[in-house]
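Now for the letters of each chain:
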Amino acid sequence: MQLPDAEALCADLVRRLRGAAGPETGMVGIHTGGTWLAERLHRELGLALPLGALDISFYRDDYRKSGLHKSVRASKVPFDVNGRHLLLVDDVLYTGRTVRAAMNELFDYGRPESITLVALVDRGERQLPICAQYAGTTFAVPRGKMLRLDRDGAGRLALRLDDA
Amino acid sequence: MAPDGSRCAWTMRNPQLNDKGELQHLLTLEGLPREIIVRILDTASSFLGVTEREVKKVPLLRGVSVFNLFFENSTRTRTTFEIAAKRLSADVINLNINTSSTAKGETLLDTVDNLSAMHADMFVVRHAQSGAAHMIARHVASHLHVINAGDGRHAHPTQGLLDAYTIRHYKKDFGALVVAIVGDILHSRVARSLIHVLNILGTPEVRVIGPQTLLPTGVESLGVRVFHDMRKGLAGADVVVMLRLQNERMRGPLLPSAQEFFKYYGLTPEKLALAKPDAIVMHPGPMNRGVEIDSAVADGTQSVILPQVTFGIAVRMAVMSILGGN
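Quick mapping for you: the protein sequence lines, in order, are chains U and V.
Residue numbering for the first sequence follows this note's numbering, beginning at 1 and increasing consecutively.
Residue numbering for the second sequence follows this note's numbering, beginning at 1001 and increasing consecutively.
I should point out that these hints are in silico values taken from the structure, not numbers from a laboratory.
Please note: incorrect hints may appear among the correct ones.
[To be verified] With a cut-off of at most 25 angstroms between alpha-carbon atoms, the simulated BS3-like pairs for lysine-lysine come out as follows:
| hint | chain 1 | residue 1 | chain 2 | residue 2 |
| --- | --- | --- | --- | --- |
| 1 | U | K76 | V | K1263 |
| 2 | V | K1263 | V | K1276 |
| 3 | V | K1276 | V | K1172 |
| 4 | V | K1086 | U | K65 |
| 5 | V | K1086 | U | K70 |
| 6 | U | K76 | V | K1086 |
| 7 | V | K1020 | V | K1057 |
| 8 | V | K1171 | V | K1276 |
| 9 | V | K1276 | U | K76 |
| 10 | U | K70 | V | K1057 |
| 11 | V | K1020 | U | K70 |
| 12 | U | K145 | U | K76 |
For reference, chain U alone in the conformation it holds in the complex (with noise of 0.2 angstroms):
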């Protein structure tokens, strides 16, 4: 199966978010490719403000049914989060709880003025009323499998087709 091409969705979202980061603009990635994504938007839309990182292990909403994540990193919001235009940055778009766990933690950081969502690929299926407004682009992923981000020692950053 053909997967979409990770650098070419990446450098057409920095495209189309030139005009929509100003120089106040906050962003943040979430663990651990959303991060990745995020480290190149940032890089190359030359954001003033340093990067954020969220790991949303403490906010998940399986953590009754599948327990604390094995491996917890920390988050850092390296900014204060009140008042300000943010950028949330993930690989993959799917059910959309993990952006639900990530707004509610940046929530406890502070009150943003808006959050707005950045998805390298949104795969549907979701089951929140959660909608990204930069896609890179849309891709339906067979069922059973999972559509992940990887980055080379290159940095260079490629999509792949995992059993779920």
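Using the hints provided, position chain V relative to the given structure of chain U.
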């Protein structure tokens, strides 16, 4: 034993782990798999940042009821468990058992049954009797979790974990460390838990320093080097852990006097200078200034006694959130 050997398998199993090998209770660090300890320490480091935000809470334990059962007085440990549970959004109920039903003659297990009937999810237990938390853990229904917050002279696992966290924070790697634990080892569950966790994490040299009367017989079997001369024991140490003199647990005279103890085993700047120049000084609290530690050391640049308290809350959050999800 059953013909299929099932009873044998049951008795061999670590009572802290569920049938998937996950942590169900935290009773002691002895025999705990290294990966579980490392996971607790890693998770704790992710909780540290939570307390620096506008909202110092995460929603993990919403709707979970944590009962603090303190059969022995402790303001500090109870408070840190309470703060940890509240920062995880749990409901916390503190029971001061000294003034409650136990004083009227109710047994420990009857107390626990009554609280279970009130839909407790987690018990944090401190008791003067070694093994009390184990007994409760064996007794309760399988969805309940028990954390030992100190049982007699036996164990104080969250203290051992926060000590290990503190050492890892300042020294990074356990692989080349000399850790010296000084003072009343005999009555100290803190020392026992720390020795176990340091061994599990691969610390090459753990020393215990104290007078013969305050060292348990056969302490060498825990894998430690014994020193009676503090100056020799401190030489080259990376970490110095001072223990409180546990006067309340002493039966009969084990020491001539507090002054005499300070002279031989109190940590002064002059004795600390025998350790490595970058050695850190730890103390589980509460401190007796002028008995086991000089104020100049307790308040000095090498002291990490207050960071220990901060790390302790993150470590207890990690333990509760891992147990609560298993």
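Looking back at the hints listed earlier, which ones does the structure fail to meet?
Checked against the structure, the hints that fail are numbers 1, 7, 9 and 12, while the rest are satisfied.
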